[in-house]
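K.L.:
Take a look at the letters that make up each chain.
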Amino acid sequence: DAGITQSPRYKITETGRQVTLMCHQTWSHSYMFWYRQDLGHGLRLIYYSAAADITDKGEVPDGYVVSRSKTENFPLTLESATRSQTSVYFCASSEAGTGVQHFGDGTRLSIL
Amino acid sequence: GENVEQHPSTLSVQEGDSAVIKCTYSDSASNYFPWYKQELGKGPQLIIDIRSNVGEKKDQRIAVTLNKTAKHFSLHITETQPEDSAVYFCAASFMEYGNKLVFGAGTILRVKS
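As they're listed, the protein sequences go chains W and U.
Heads up, the first sequence is in the working numbering, so the first residue is 1 and it goes up one at a time.
Heads up, the second sequence is in the working numbering, so the first residue is 113 and it goes up one at a time.
Misleading hints may appear alongside valid ones.
[What the hints assert, rightly or not] Simulated crosslink set (DSBU-like; lysine-lysine; CA at most 30 Å straight-line):
#1 K154(U) to K170(U)
#2 K11(W) to K154(U)
#3 K149(U) to K57(W)
#4 K170(U) to K134(U)
#5 K57(W) to K183(U)
#6 K57(W) to K134(U)
#7 K170(U) to K183(U)
#8 K70(W) to K154(U)
If you're looking for bench data, these hints aren't it; they were derived computationally from the structure.
Construct the complete structure from the given sequences, taking the supplied hints into account.
P.N.:
Written as structure tokens, this is what we have:
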């Protein structure tokens, strides 16, 4: 089915570990985004990508790494997880020029 | 950079009443203003949007108004129903900066039946 999928849906890990969140979209949208959602802060942009091999920082990029070797995939890596990165992470995609973002159902990440 | 403030943070209404959520933005260059609805355990979903060359837009029970001079925009939901209960987010963007959105902090809407 067409859409945007995130995996895993839930993840528990320990501080200092590396963890990668996956995002896959089937629309061939050029733009992809990673947000974190925390109570009282809404959705804050971590990184975004305008096309394959083009990525840029958002509002809260520290501690995160992204890559985009293929248009359909946009993984987010926490290289050394910290408790402050406990959050719900959303991936989104968008067709260039439309502004409309389509969101996945999120990954709830807990760092102990 | 752009900053979006959203009020109220929580809103409780009786079924059938109207609900209004307000947002202000700081960057006068912003020209695209979407509203998203987020249900429990799901990602946000676009419900309506407006561009800066339009003052008002309606879609059935939902309407959005934009005041560019005052830099604020509002979501109006009429004849509220229990299924309208959700978290609502406003956002702002300058489309020429790419498709990036800056979101407000969200409003929890509860419709009491």
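K.L.:
Next, verify each hint and record whether it holds.
P.N.:
Here is how each hint holds up against the structure:
1. K154(U) to K170(U): With Cα atoms ~25 Å apart, K154(U) and K170(U) stay inside 30 Å; holds.
2. K11(W) to K154(U): holds (16 Å)
3. K149(U) to K57(W): holds (25 Å)
4. K170(U) to K134(U): holds (16 Å)
5. K57(W) to K183(U): holds (26 Å)
6. K57(W) to K134(U): holds (28 Å)
7. K170(U) to K183(U): The hint holds at about 19 Å.
8. K70(W) to K154(U): Holds, at about 25 Å.
Consistency with the previously given hints is maintained throughout, with no hint failing.
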